[in-house]
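Please work from the sequences and hints to get the whole structure.
Each residue of the sequence shown is one higher than the one before, starting from 39 at the first, in the numbering used here.
A hint or two may mislead.
Distance windows between CB atoms, simulated [to be verified]:
#, residue 1, residue 2, range
1, Ala281, Ala212, 25 to 31 Å
2, Glu144, His254, 29 to 35 Å
3, Phe174, Arg253, 29 to 35 Å
4, Tyr75, Ala331, 51 to 57 Å
5, Thr91, Phe166, 16 to 22 Å
6, Ala212, Phe174, 42 to 48 Å
7, Thr165, Pro255, 52 to 58 Å
8, Thr79, Gly330, 52 to 58 Å
9, Ala332, Asp76, 52 to 58 Å
10, Ala281, Asp70, 30 to 36 Å
11, His256, Leu128, 44 to 50 Å
No lab work stands behind these hints: they were computed from the structure. None of the values given here were measured: they were computed from a predicted structure. Each residue gets a CB set at the ideal place from its N, CA and C atoms; glycine is no exception.
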Amino acid sequence: MLTLEAPVRADALELALIRGGLAYLLSRYYLDCRLKYDRQTRPVGLARFVDLTGLASPVVQRRLNLLARAALVFYVVGIGMPLVTALLCLYVVARESLNNSQGAIEHAWNAVAAVLLAQAALYGFQTFNEFFRPGFRFAGGVGYDRMALFWSQQAIAAVYFTAALTKLIESRGAWAWHTPRIVIQIVKSTRQAYYTRLEPGSLEHCESLVRSMSRHPHWTRLLLGAGLLVELAAPLFLYNRAASAAGGVLLIAFHLVNRRYMRLPFKEQQLLVGIFFLQVPFALVALIEFCGAAF
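The structure is reproduced here in structure tokens:
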């Protein structure tokens with residue numbers, strides 16, 4: 039899916055704001071969270087090749103988080119991108135490999151890891167390309183920072199599209215028809231949340247929701263089937279800024295429905311969509327330029 043042409047024009051300020059948004063996401067929702075596990079009973083990802091349990095040490099975590107925060111500063115400024123993106127990608131993938139090596143898979147950070155992997159690959163190619171001057175040039179004189187934006191958008195779209203495609207393959211095309219059965223998962227996730235936070239209101243909400251979905255299975259199919267279509271349409275959101283903004287609205291609405299029904303907030307993914315699809319950095323740049331022209 040990764041291509042060599044970037045359709046969206048973005049100036050240096052917008053690109054810096056985008057990097058700043060991603061840095062905030064990593065700092066707020068990732069570096070501030072301690073690793074929960076100190077063993078890898080069922081290794082996945084990097085844990086299949088390397089013992090990652092040392093990452094769970096509080097001392098190691100503090101030092102690596104400090105290094106990652108320093109890397110984020112360079113990332114926002116745009117200095118040393120090949121090394122910085124590689125370090126951030128490796129750290130995120132290593133941590134999530136350890137988290138997911140417990141016998142269950144958590145996919146909240148898939149899109150973030152995909153973005154970092156895409157950027158690390160692009161800037162790694164930049165380093166490789168500099169050894170063979172005059173080297174490869176992107177069409178239209180597009181720079182690596184602008185191309186990183188487009189590759190990041192493609193990585194996010196690929197995550198959503200793959201999720202939808204997997205649902206269709208595993209259900210043999212009948213996923214939407216079987217959605218009323220999702221009440222079982224709603225009960226499971228709600229009870230898990232209850233035992234974590236001990237909020238009786240969540241159980242009452244669950245009972246009401248399950249009754250409603252069981253009584254109206256066709257409405258359930260229609261609503262959740264629409265979410266499947268949004269995921270399948272994710273590659274179309276790459277066409278231009280308008281399509282990207284519209285897609286951002288649809289994807290966030292999709293997550294809000296998931297939060298309402300499944301108790302799955304995916305705050306990190308919503309923020310990622312806001313940064314790369316909803317055009318929030320572009321709107322800020324436009325506001326700054328408007329205020330500058332007005333005053």
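Do the hints match the structure? See the list:
no.: 1; hint: Ala281 with Ala212: 25 to 31 Å; in the structure: holds (29 Å)
no.: 2; hint: Glu144 with His254: 29 to 35 Å; in the structure: holds (31 Å)
no.: 3; hint: Phe174 with Arg253: 29 to 35 Å; in the structure: violated (59 Å)
no.: 4; hint: Tyr75 with Ala331: 51 to 57 Å; in the structure: holds (53 Å)
no.: 5; hint: Thr91 with Phe166: 16 to 22 Å; in the structure: violated (33 Å)
no.: 6; hint: Ala212 with Phe174: 42 to 48 Å; in the structure: holds (45 Å)
no.: 7; hint: Thr165 with Pro255: 52 to 58 Å; in the structure: holds (54 Å)
no.: 8; hint: Thr79 with Gly330: 52 to 58 Å; in the structure: holds (57 Å)
no.: 9; hint: Ala332 with Asp76: 52 to 58 Å; in the structure: holds (56 Å)
no.: 10; hint: Ala281 with Asp70: 30 to 36 Å; in the structure: holds (34 Å)
no.: 11; hint: His256 with Leu128: 44 to 50 Å; in the structure: holds (47 Å)
In the structure shown, a violation is registered for the earlier hints numbered 3, 5, in ascending order.
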